Amino acid sequence: MQLKSRHLLGLEGMSEEEITLILDTAESFREIIERPIKKVPTLRGITVINLFYEPSTRTRISFELAEKRLSADSISFTPATSSVKKGETLKDTVRNIEAMKIDMVVVRHSSTGVPYFLTQCIQSNVINAGDGSHEHPTQALLDMFTIRRKYGRLKDLRVVLVGDIKHSRVVRSNIWGLKAMGASVAVCGPTTLLPVEVEKFEVDVYQNMDKAIEGADVVNIMRIQLERQQAGLFPSQREYTNLFGMTRERLALLNKNYTIMHPGPMNRGVEITNEVADGDASVILEQVTNGQAVRMAVLYLLSGKKAEEE
Amino acid sequence: MKISEFDLVIKNGLVIDPAIGFGNEADIFIKEGKIARVGKDGGSKKDSANIPPDKIIDASGKLVVPGLIDMHVHLREPGREDEETIITGCQAAAAGGFTSVCCMPNTTPTIDNQETVKFVLSRAEMADANVYVVGAITKGIKGEELAEIGDLVNAGAVAISDDGNYLQNPELMRRALEYAQMFNIPIISHAEDRFLSASGVMNESYQSTRLGLKGSPAVAEEIAVLRDIRLCAFTGGRVHIAHISTAGAVRAVRLAKAEGINVTAEVTPHHFSLTDEEIGKEFNTSLRVNPPVRTQKDVETVIEGLLDGTIDCISSDHAPHAEEEKDVEFDQAPPGLIGLETTLGLVKTKLIDRGYLSWADALSKMTINPARILKLPGGTLEIGKKADITIIDPEKKWTVRRENFRSKSKNSPFIGWKLSGRIGFTILNGRVVYRA
Numbered sequence: 001m002q003l004k005s006r007h008l009l010g011l012e013g014m015s016e017e018e019i020t021l022i023l024d025t026a027e028s029f030r031e032i033i034e035r036p037i038k039k040v041p042t043l044r045g046i047t048v049i050n051l052f053y054e055p056s057t058r059t060r061i062s063f064e065l066a067e068k069r070l071s072a073d074s075i076s077f078t079p080a081t082s083s084v085k086k087g088e089t090l091k092d093t094v095r096n097i098e099a100m101k102i103d104m105v106v107v108r109h110s111s112t113g114v115p116y117f118l119t120q121c122i123q124s125n126v127i128n129a130g131d132g133s134h135e136h137p138t139q140a141l142l143d144m145f146t147i148r149r150k151y152g153r154l155k156d157l158r159v160v161l162v163g164d165i166k167h168s169r170v171v172r173s174n175i176w177g178l179k180a181m182g183a184s185v186a187v188c189g190p191t192t193l194l195p196v197e198v199e200k201f202e203v204d205v206y207q208n209m210d211k212a213i214e215g216a217d218v219v220n221i222m223r224i225q226l227e228r229q230q231a232g233l234f235p236s237q238r239e240y241t242n243l244f245g246m247t248r249e250r251l252a253l254l255n256k257n258y259t260i261m262h263p264g265p266m267n268r269g270v271e272i273t274n275e276v277a278d279g280d281a282s283v284i285l286e287q288v289t290n291g292q293a294v295r296m297a298v299l300y301l302l303s304g305k306k307a308e309e310e
Numbered sequence: 311m312k313i314s315e316f317d318l319v320i321k322n323g324l325v326i327d328p329a330i331g332f333g334n335e336a337d338i339f340i341k342e343g344k345i346a347r348v349g350k351d352g353g354s355k356k357d358s359a360n361i362p363p364d365k366i367i368d369a370s371g372k373l374v375v376p377g378l379i380d381m382h383v384h385l386r387e388p389g390r391e392d393e394e395t396i397i398t399g400c401q402a403a404a405a406g407g408f409t410s411v412c413c414m415p416n417t418t419p420t421i422d423n424q425e426t427v428k429f430v431l432s433r434a435e436m437a438d439a440n441v442y443v444v445g446a447i448t449k450g451i452k453g454e455e456l457a458e459i460g461d462l463v464n465a466g467a468v469a470i471s472d473d474g475n476y477l478q479n480p481e482l483m484r485r486a487l488e489y490a491q492m493f494n495i496p497i498i499s500h501a502e503d504r505f506l507s508a509s510g511v512m513n514e515s516y517q518s519t520r521l522g523l524k525g526s527p528a529v530a531e532e533i534a535v536l537r538d539i540r541l542c543a544f545t546g547g548r549v550h551i552a553h554i555s556t557a558g559a560v561r562a563v564r565l566a567k568a569e570g571i572n573v574t575a576e577v578t579p580h581h582f583s584l585t586d587e588e589i590g591k592e593f594n595t596s597l598r599v600n601p602p603v604r605t606q607k608d609v610e611t612v613i614e615g616l617l618d619g620t621i622d623c624i625s626s627d628h629a630p631h632a633e634e635e636k637d638v639e640f641d642q643a644p645p646g647l648i649g650l651e652t653t654l655g656l657v658k659t660k661l662i663d664r665g666y667l668s669w670a671d672a673l674s675k676m677t678i679n680p681a682r683i684l685k686l687p688g689g690t691l692e693i694g695k696k697a698d699i700t701i702i703d704p705e706k707k708w709t710v711r712r713e714n715f716r717s718k719s720k721n722s723p724f725i726g727w728k729l730s731g732r733i734g735f736t737i738l739n740g741r742v743v744y745r746a
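Those protein sequences? They're chains A and B, same order as listed. Heads up: the first sequence at position 119 corresponds to 119 in the working numbering, and the numbers run straight through without jumps. Heads up: the second sequence at position 15 corresponds to 325 in the working numbering, and the numbers run straight through without jumps.
Where hints are given, some of them may not hold.
As the list claims (entries may be wrong) - Once the Cα atoms are required to be at most 30 Å apart in a straight line, the calculated DSBU-like pairs of lysine-lysine come out as: (1) 91/A to 720/B; (2) 607/B to 200/A; (3) 305/A to 607/B; (4) 696/B to 706/B.
As the list claims (entries may be wrong) - Not close to chain A: a few residues of chain B, all C-beta gaps over 10 Å, as computed: (5) 341; (6) 365; (7) 520; (8) 662; (9) 728.
Hints listed in this document are in silico derivations from the structure and should not be mistaken for laboratory results. This structure is a prediction, so every number in the text was calculated from the model and none was measured. By construction, the Cβ of each residue, glycine as well, lies at the ideal position given by its N, Cα and C atoms.
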């Protein structure tokens, strides 16, 4: 069993077998990061560039650590601006970097489709670390990894994604991944933050938080950005919290063995209260730890795949 | 040896002139750049007998039609001569069978004054197509104050438009519609409410939802079309809706026409050939266009609009862009695609071959209809008129190739497409300006 593509651009179209392969591989790497010496020689001699056109702490550090623990040579590059109007084009930037003989590129960018665009510009393996509001596949993989570790499966679990569905790449990748794995998926958010025809994702759609989370196993809460309020998509943070905030009271609606997730960074007191974020059922920090293992698995599985194999 | 009185003869073609309902095999005789006679050789055999072979085009199996008219192109000159010039744009026009094009005023500087109109027309003197100028409605197409419309018309402008920008202020649009009546010219409206379209880079639909790209909703166009229709009715002015693209906008124009309101509309080949499902495949920036390509339902409805006459014209909205500006992230690319050289093939392949339109109906939307809307001299093959003639090889199959474009820019989403129907000859003023 191998991954079909030599890139990880998104989870749309990825099969249950492929996702299972990544998650199974991540299990063995998860064990490595618990060791006193957290390093294996797997990617020795492989050069990875982390190209982060958007600010990120956790995803970038997670990738950097994953690369170092696999003994890859890696460098992170955080351009001051992603605007093509200022200076060098993205295509020129990546072609210049590739001229330094690299093997893999991890890219985050505010524009949808940039990871695909890079595959057309360079020969390296491309890993999407978030493109616009499109996909964030490693986040969804680590979410699924975390859920699977707790329940031993993903199939038939009820997973509810709450918040800014319209602008969230985490939501989209989770929808594709969870559906491929046979989970039952629902999304919930204010009507203004639900994209048009969202039901065509073939998920359950709710605008009422209590109804959405009733009987859920997992609630994955998305960050709500202040800019959305300024853009008139909801009237105030206070009202958002009242309608969609994950509070202790709402926990009673969930299934017994429920799980609370958040991809971070959290707005405590807005989309999630302190007691929920820090409660026993919260796996938010576990998600972060697992992220490294999942990224190690992705780097490992893609690293051997060269252009001519396709 | 007696020298023929004719300069060029097009023999044995199927002549289609929708303006007069003509569709028969005939010969066309051209003298001094004008159409001298249309008809079967018949009694005049001796005329063609004296014509040297190099002055005869054998159009057997071909369609001989009035030179095509594209009332919506961007020639980029002055300002972006790296993308297109009046000369290269007209070469592209000739290769696409167009003998007349109307150029939009969103150049740098904008065509909002007499001098720029004169500049464009002087550059066009040596070009391979007739160029008609669409002047700006407002100074700098900024939507703030009216341009000197009288001056523009005096210099030769045939219509006014702030194309690319919607004239968002309805009061100003009202005044423009009133003022333009003095010159009997239409206002061409790029109907797009800017508040609603926000910074959308594709149609708002499941596809924008799937891709997480900012969507521009159909209602942004529909509200703009409805507003212009009501202002048109209110002022008695004349509006031409550019590049109509949504089902709701087509219905609005249909109802307005039934009410007797003076509105006309055009559609581009990309809006009847493409849907937003194409975008996610390769993020091809040639598919980034404004208005965006819509859904299958919209495509079906604009085709219905072509069928029932709601949509009067087929225009390319030829919009050249530099390769370096298009070879970027999808949402960073400027909107627009080139269309002059693929319009006829798409009309044949997508509309005629599928049985939606006859050749005569399709051609009327590319000849006499735009001529009437803008009061242009061409669009028909009447005797005594300028010999602007297009000869079409109707069943010729061809593949759109990047290297074959005459346009200076190559931003076409149709590269690699197999089309049917190709231009054989384009004749401007009796002179062959393009030959396949």
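Next item on the list: Against the structure, test the hints numbered earlier, and report the numbers of the ones violated in rising order.
Entry: Violated hints (numbers, rising): 3, 7; every other hint is consistent with the structure.
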